[in-house]
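Novice: Each chain, letter by letter, is given below.
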Amino acid sequence: DGGITQSPKYLFRKEGQNVTLSCEQNLNHDAMYWYRQDPGQGLRLIYYSQIVNDFQKGDIAEGYSVSREKKESFPLTVTSAQKNPTAFYLCASSKDRGHEQYFGPGTRLTVT
Amino acid sequence: QKEVEQDPGPLSVPEGAIVSLNCTYSNSAFQYFMWYRQYSRKGPELLMYTYSSGNKEDGRFTAQVDKSSKYISLFIRDSQPSDSATYLCAMSSANYGGATNKLIFGTGTLLAVQP
Chain B
1 DGGITQSPKY
11 LFRKEGQNVT
21 LSCEQNLNHD
31 AMYWYRQDPG
41 QGLRLIYYSQ
51 IVNDFQKGDI
61 AEGYSVSREK
71 KESFPLTVTS
81 AQKNPTAFYL
91 CASSKDRGHE
101 QYFGPGTRLT
111 VT
Chain Y
113 QKEVEQDPGP
123 LSVPEGAIVS
133 LNCTYSNSAF
143 QYFMWYRQYS
153 RKGPELLMYT
163 YSSGNKEDGR
173 FTAQVDKSSK
183 YISLFIRDSQ
193 PSDSATYLCA
203 MSSANYGGAT
213 NKLIFGTGTL
223 LAVQP
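Residue numbers (our numbering), protein chains in the order written: chain B, 1 to 112; chain Y, 113 to 227.
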């Protein structure tokens, strides 16, 4: 079955540690996205990538980094510079620059 | 003012009711409109996708866009307890210059369908 997988489902880290969230898709989509979801704030775009080896900052990129070495994979690193990292992180993909984005199941990150 | 406004609810209805969910927006450049359903602790699932104004129907779901009023709606007929979820609207502008289109999301409306 085609889809987007994110791992792990739950992640716990101590403050000051970097952590990497995994996102893989087998939909053959070109574009991939990372969002953050906080209660009452909707989804906010962190980074997006249209093609391999290229990515752009979204609205809230500070404290995050990404890479796009393979079409199928778009990992997100939450660095210690991110002031409020505890959130629900969602990865999405779309065909070309399409408006229809499909989401993965999400990773809930808790930093204490 | 947010670009997209959505009443957070919660909205509680009895099983079988017709549900109306709405979003308003301020950016007249938006031409693509989507509705997502998100169950608790899950990723959003794309329900409906419409371009420009008009209606689109898919089973019990109807999406309606009124660009003149900058208002979009999602209607759910014969609502079921399994429809209980948060519904997110999202929209984007036309694909000019080949740039990836960013979706702007509403904050979501929590719907509870009571058996």
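These are calculated hints, taken from the structure and not from any lab test.
Cβ coordinates follow ideal geometry from the N, Cα and C atoms, glycine included.
Please note: incorrect hints may appear among the correct ones.
Here are the simulated distance ranges between beta carbons [claimed, not checked]:
no.	chain 1	residue 1	chain 2	residue 2	range
1	Y	140	B	27	46 to 52 Å
2	B	110	Y	183	24 to 30 Å
3	Y	214	B	18	23 to 29 Å
4	B	81	Y	117	44 to 50 Å
5	B	16	Y	138	35 to 41 Å
6	Y	214	B	67	28 to 34 Å
7	B	2	Y	192	22 to 28 Å
8	B	60	Y	130	33 to 39 Å
9	Y	193	B	9	33 to 39 Å
10	Y	224	B	44	24 to 30 Å
11	B	67	Y	130	31 to 37 Å
12	Y	193	B	41	37 to 43 Å
13	B	56	Y	141	16 to 22 Å
14	B	100	Y	167	45 to 51 Å
Novice: Please go over all the hints and tell whether each is borne out by the structure.
Specialist: Hint-by-hint comparison with the structure:
1. Checking the proposed 46 to 52 Å range against residue 140/Y and residue 27/B shows it is violated: the Cβ atoms sit about 32 Å from each other.
2. Between residue 110/B and residue 183/Y the CB atoms are about 38 Å apart, so this pair departs from the stated range of 24 to 30 Å.
3. At roughly 26 Å, the beta carbons of residue 214/Y and residue 18/B sit within the given window of 23 to 29 Å.
4. The supplied range of 44 to 50 Å is broken by residue 81/B and residue 117/Y, whose beta-carbon atoms lie about 32 Å from each other.
5. Hint check: residue 16/B to residue 138/Y, Cβ distance near 40 Å, so the stated range 35 to 41 Å holds.
6. The given range of 28 to 34 Å is broken by residue 214/Y and residue 67/B, whose C-beta atoms sit roughly 20 Å from each other.
7. Between residue 2/B and residue 192/Y, the C-beta spacing of about 27 Å keeps the proposed range 22 to 28 Å intact.
8. Hint check: residue 60/B to residue 130/Y, Cβ distance near 37 Å, so the stated range 33 to 39 Å holds.
9. At about 25 Å, the beta-carbon gap between residue 193/Y and residue 9/B misses the expected band of 33 to 39 Å.
10. Between residue 224/Y and residue 44/B the beta carbons are some 26 Å apart, a value that agrees with the proposed interval 24 to 30 Å.
11. A beta carbon spacing of about 47 Å between residue 67/B and residue 130/Y contradicts the range 31 to 37 Å that was offered as a hint.
12. Between residue 193/Y and residue 41/B, the C-beta spacing of about 27 Å breaks the proposed range 37 to 43 Å.
13. The given range of 16 to 22 Å is respected by residue 56/B and residue 141/Y, whose C-beta atoms sit roughly 19 Å from each other.
14. A beta carbon spacing of about 18 Å between residue 100/B and residue 167/Y contradicts the range 45 to 51 Å that was offered as a hint.
Against the hints set out earlier in the document, violations occur for numbers 1, 2, 4, 6, 9, 11, 12 and 14.
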